[in-house]
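Each chain, letter by letter, is given below.
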Amino acid sequence: MKLLDSTDSGNNSSIERTQYPYVTGTSVIGIKYKDGILMAADMGASYGSTLRYKSVERVKPVGKHSLIGASGEISDFQEILRSLDELILYDNMWDDGNSLGPKEVHNYLTRMMYNRRNKFDPLWNSLVLGGVKNGQKYLGMVSMIGVHFEDNHVATGFGNHLARPILRDEWHENLTFEDGVKLLEKCMRVLLYRDRSAVNKLQIAKITEEGVTVSQPYSLKTFWNFNAFQNPTAGAEGSW
Amino acid sequence: MFRNQYDTDVTTWSPAGRLFQVEYAMEAVKQGSAAIGLRSKSHVVLACVNKANSELSSHQKKIFKADDHIGVAIAGLTADGRVLSRYMRSECINYSYSYESPLPVGRLVVQLADKAQVCTQRSWKRPYGVGLLVAGLDESGAHLYYNCPSGNYFEYQAFAIGSRSQAAKTYLERRFENFMGSSRDDLLKDALFAIRETLQGERLTSSICTVAVVGVGEAFHILDQGTVQALIEAFEIAGEEAPASEPTAADQPASEPGVAADQGAPAEHDAAPMDI
Chain Y
1 MKLLDSTDSG NNSSIERTQY PYVTGTSVIG IKYKDGILMA ADMGASYGST
51 LRYKSVERVK PVGKHSLIGA SGEISDFQEI LRSLDELILY DNMWDDGNSL
101 GPKEVHNYLT RMMYNRRNKF DPLWNSLVLG GVKNGQKYLG MVSMIGVHFE
151 DNHVATGFGN HLARPILRDE WHENLTFEDG VKLLEKCMRV LLYRDRSAVN
201 KLQIAKITEE GVTVSQPYSL KTFWNFNAFQ NPTAGAEGSW
Chain V
1 MFRNQYDTDV TTWSPAGRLF QVEYAMEAVK QGSAAIGLRS KSHVVLACVN
51 KANSELSSHQ KKIFKADDHI GVAIAGLTAD GRVLSRYMRS ECINYSYSYE
101 SPLPVGRLVV QLADKAQVCT QRSWKRPYGV GLLVAGLDES GAHLYYNCPS
151 GNYFEYQAFA IGSRSQAAKT YLERRFENFM GSSRDDLLKD ALFAIRETLQ
201 GERLTSSICT VAVVGVGEAF HILDQGTVQA LIEAFEIAGE EAPASEPTAA
251 DQPASEPGVA ADQGAPAEHD AAPMDI
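In order, the protein sequences belong to chains Y and V. Just so you know, the first sequence maps onto residues 1 to 240 in the UniProt record's numbering. Just so you know, the second sequence maps onto residues 1 to 276 in the UniProt record's numbering.
Incorrect hints may have been included.
Once the Cα atoms are required to be at most 20 Å apart in a straight line, the calculated SDA-like pairs of lysine to any residue come out as [said to hold, decoys possible]:
#1 V:30 to V:164
#2 Y:137 to V:139
#3 V:115 to V:94
#4 Y:64 to Y:209
#5 V:51 to V:31
#6 Y:103 to V:52
#7 Y:103 to V:164
#8 Y:137 to V:164
#9 V:61 to V:163
#10 Y:64 to V:140
#11 Y:133 to V:51
#12 V:41 to V:140
#13 Y:103 to V:94
Since the hints were derived computationally from the structure, they do not count as laboratory data.
Chain Y extracted, bound-state conformation (with noise of 0.2 Å):
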């Protein structure tokens, strides 16, 4: 069963190396909960140093049994979830009462990243890839190179610096829900407020035995009212 591939596009004689990304999302976080795994991510693609595009969903469900978010390159994301339909669609003709769990598509999309890497060709994306089967929770991540790792809690791009100290010092087993959706938020303002291309609207996705829901794209509260940002200028000389 052969799958079509991006790069089967005939003539790859010529040296193809390290692309640029152009339009890219910011940090996913994902989290293990009670019931499931729980993924966060802003709606924001930015184009360089321009938060050009806000309404991107970068939280995907794949499958009955998977949810995969992306930062990086927006349109690698969009083919790699090309290759995830492909994927889930042959799984699904079986018609054998089968089906790839999140540990399989997990593994395939290692697979995936590091045979591009290894081309000198990657797909420019830092994968989350939550789900749940047969009651067993699985969380795990991919990086552009093939790193690939499981853990209680990933984050890709900023939210591996910024989010992850919180998580360690606060993810507990059997969160619940609505604990989860705000250990969430908690790290998804830090990152509104300290990385530059973050976005106020985010989504946050669910994945249990029973399914996936992705909320509707919602805003956090911020305060910047603190006392040091009123007045900025105030002790300053001149016109700048």
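Since chain Y is already given, all that's left is putting chain V on it; use the hints.
Using the frame of chain Y, we list chain V on its own:
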């Protein structure tokens, strides 16, 4: 079955709608030495009769491990069986590599069946002359399948193929309803008894049979001769029974020690028809 003008190649239908070459391939399976399989909810056992051509040679290998969770027993052209088990191993390991998960048995079986079907529809190929009993475990439980040279496959609670398999099938038919709830040891016992049925009076020892098992928490593996011999003795299966013309002797169920009563005639080496 007799020769006729429609049996020269596999791409010729007979007026009655039969593909004779395919049917001849299934005959090859019936000529091979017996292989049986049976399964419970959590285990699958494969067993086969392994007769060496002469005392000087080794036995034909008839049971192959395809992966930790799948094994296969063959009957018929063992060379074809060897090639197909290499294919199975390849498919299993490729799937594991891509998905870090064991290949569901049902899918492997369909792939095998599709491969066999191709050979029934090409003028430059011939059907595989081997029947496969595929035993495996996956998320949905323990499975036993039979793959035919025709490209058909069926799932079974218990089955026997090869020469004199009817005797084993009769034995299994009487007892299969209990298999789902059987323990691992009960399955092994039934497997050995079924094998004995195909021997028609010959003494069952571990040197002429091979047994393999796969189960929940137990990777597919072939039991070593010592273990099998111990099982034969423990279940007192060795059995005797006078000449083959006593089907009633087979009626004595497992639990009676009386079965081991007269350890009479030793194996008659020339009794077997051409075992491949």
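Given the hint that residue 137 of chain Y pairs with residue 139 of chain V, test it: the Cα-Cα distance must not exceed 20 Å. Judged against 20 Å, a Cα distance of about 16 Å means the pair holds.
Mind checking the alpha carbons of residue 103 of chain Y and residue 94 of chain V for me, to see if they're no more than 20 Å apart? Measuring from Cα to Cα gives roughly 16 Å; hence the hint holds.
Does residue 209 of chain Y sit within 20 Å of residue 64 of chain Y, going by the straight-line distance between their CA atoms? Satisfied, since the Cα-Cα distance of roughly 9 Å is no more than 20 Å.
Check whether the Cα positions of residue 133 of chain Y and residue 51 of chain V lie no farther apart than 20 Å. Measuring from Cα to Cα gives roughly 46 Å; hence the hint is violated.
Restraint check for residue 137 of chain Y with residue 164 of chain V, where alpha carbons must lie at most 20 Å apart: 50 Å, violated
Are residue 103 of chain Y and residue 164 of chain V close enough, with their CA atoms no more than 20 Å apart? 45 Å, violated
Within a Cα-Cα threshold of 20 Å, do residue 64 of chain Y and residue 140 of chain V meet the stated pairing? 17 Å, holds
For a C-alpha distance cap of 20 Å, please report whether residue 51 of chain V and residue 31 of chain V respect it. 13 Å, holds
Taking only the CA atoms, is the gap from residue 61 of chain V to residue 163 of chain V under or equal to 20 Å? Cα-Cα ~16 Å, so holds.
For the pair supplied as a hint, residue 115 of chain V and residue 94 of chain V, is the alpha-carbon distance within the 20 Å limit? 17 Å, holds
With a cut-off of 20 Å on the C-alpha distance, tell me whether residue 41 of chain V and residue 140 of chain V pass. 10 Å, holds
Is the straight-line distance between the alpha-carbon of residue 103 of chain Y and that of residue 52 of chain V 20 Å or less? 45 Å, violated
In the structure shown, a violation is registered for the earlier hints numbered 6, 7, 8 and 11, in ascending order.
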